[in-house]
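Using the sequences provided together with the hints, build the complete structure.
There are 2 protein chains.
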Amino acid sequence: MLSKKKKGLLIVLSGPSGAGKGTICKALMKKEKNLKLSISATTRQPRSGEIEGKNYFFKSEEEFEKMIENDSFLEWAKVYDHYYGTPKDFVLKNLEEGNDVVLEIDIQGALKIKEKFPEGVFIFILPPSMEELKNRIKKRGTETEEEIIKRFKSAYEELNYVSRYNYVVINDSVEEAVEKIKAIIIAEKCRVDRNKDLYLEIKEGLV
Amino acid sequence: MLSKKKKGLLIVLSGPSGAGKGTICKALMKKEKNLKLSISATTRQPRSGEIEGKNYFFKSEEEFEKMIENDSFLEWAKVYDHYYGTPKDFVLKNLEEGNDVVLEIDIQGALKIKEKFPEGVFIFILPPSMEELKNRIKKRGTETEEEIIKRFKSAYEELNYVSRYNYVVINDSVEEAVEKIKAIIIAEKCRVDRNKDLYLEIKEGLV
Chain C
1 MLSKKKKGLL IVLSGPSGAG KGTICKALMK KEKNLKLSIS ATTRQPRSGE IEGKNYFFKS
61 EEEFEKMIEN DSFLEWAKVY DHYYGTPKDF VLKNLEEGND VVLEIDIQGA LKIKEKFPEG
121 VFIFILPPSM EELKNRIKKR GTETEEEIIK RFKSAYEELN YVSRYNYVVI NDSVEEAVEK
181 IKAIIIAEKC RVDRNKDLYL EIKEGLV
Chain B
1 MLSKKKKGLL IVLSGPSGAG KGTICKALMK KEKNLKLSIS ATTRQPRSGE IEGKNYFFKS
61 EEEFEKMIEN DSFLEWAKVY DHYYGTPKDF VLKNLEEGND VVLEIDIQGA LKIKEKFPEG
121 VFIFILPPSM EELKNRIKKR GTETEEEIIK RFKSAYEELN YVSRYNYVVI NDSVEEAVEK
181 IKAIIIAEKC RVDRNKDLYL EIKEGLV
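Residue numbers (full-length UniProt numbering), protein chains in the order written: chain C, 1 to 207; chain B, 1 to 207.
Hints are supplied without guarantee of correctness; some may be wrong.
Claimed, not checked - Once the Cα atoms are required to be at most 30 Å apart in a straight line, the calculated DSSO-like pairs of lysine-lysine come out as:
id	chain 1	residue 1	chain 2	residue 2
1	C	Lys78	B	Lys203
2	B	Lys189	B	Lys30
3	B	Lys116	B	Lys54
4	C	Lys182	B	Lys196
Hint data in this document are derived by calculation from the structure and do not stem from the laboratory.
What follows is the structure, encoded as structure tokens:
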């Protein structure tokens, strides 16, 4: 047994819109009950079926701006005219307690998180092809033609940010993508730079 | 599908003698039939049950020194008055063909491999405790009292080298250790720095 309580991992699932990070995240949370999902706050309208406090905390502009003032966000951004933000307390508390926290977040947000948590595990979800990405953005059906083109262009540009991440997972099968993410979490816990005290403890016979 | 054939991973299982890397390696190879095991050459006497060409290539001193002359080793070393070496051809050929190659090797050998293959996956197998390590060295029963003390002291010193590795896996249960190594292999294949061409190919629509 370890003498010191190990902090949890911050697992950041990110990628261009339409890559399927939402679907993968949902499947991952279903399989790995010990993971804690960070719920974002947003000022955008709920899509059909989205539930307050489960999918998002839906806020008015005024409420959101008040939270910014109170330094309640780990990061926040304005994307496509809406605010999105990651409430700070939930993440910090869980990591401190040794729980692994999952963040599903756009690329802009992930890069801000990386500045504060360089030790996080940054996973870039890739669509299997640009053609497939276009189909997925279209299928969502909640956007106008203009918005679809805007999203696709942006997704194309965003692929350049993959180099700032630790891992890349192609979403051609949700099940396989989830298995890969599970493996990444296990492997990260074995990384030498996350276990610096371990061999000292073994030497000293504390373990 | 990728347009370029990806090279295989070189997976180096290493650790102090008595940590159980041999047992773990055997269990891993049994579970993962696609992995290719590199067989070492040695001048030490076969232990009971060891088979030529399966456990080692057993060589005379003269034969081994000839191989050194012919530059046939990826690395070689003299440990406890015996030569050990990793034949070069098998490893290079398999990596080139896209096969993952496993090397089970002492720490001295692993560090030499790392100089030539910094992109290898270096896994340090730790015993659950120093007490357990002592028991395991004793149980092996093939060494004299003097040799046991020599091995234990050396194992104690060798723990310092863990920082040169990528991963550390504690061998308290062989099954769990094998699962961790399997996860590490999956995760490593997802690392961004091993997939640099991938997003370019996706952008260009080659995938």
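Comparing the hints with the structure gives:
{"no.": "1", "hint": "C:Lys78 / B:Lys203", "verdict": "holds, 26 Å"}
{"no.": "2", "hint": "B:Lys189 / B:Lys30", "verdict": "holds, 21 Å"}
{"no.": "3", "hint": "B:Lys116 / B:Lys54", "verdict": "holds, 25 Å"}
{"no.": "4", "hint": "C:Lys182 / B:Lys196", "verdict": "holds, 22 Å"}
Checked against the numbered hints above, the structure violates none of them.
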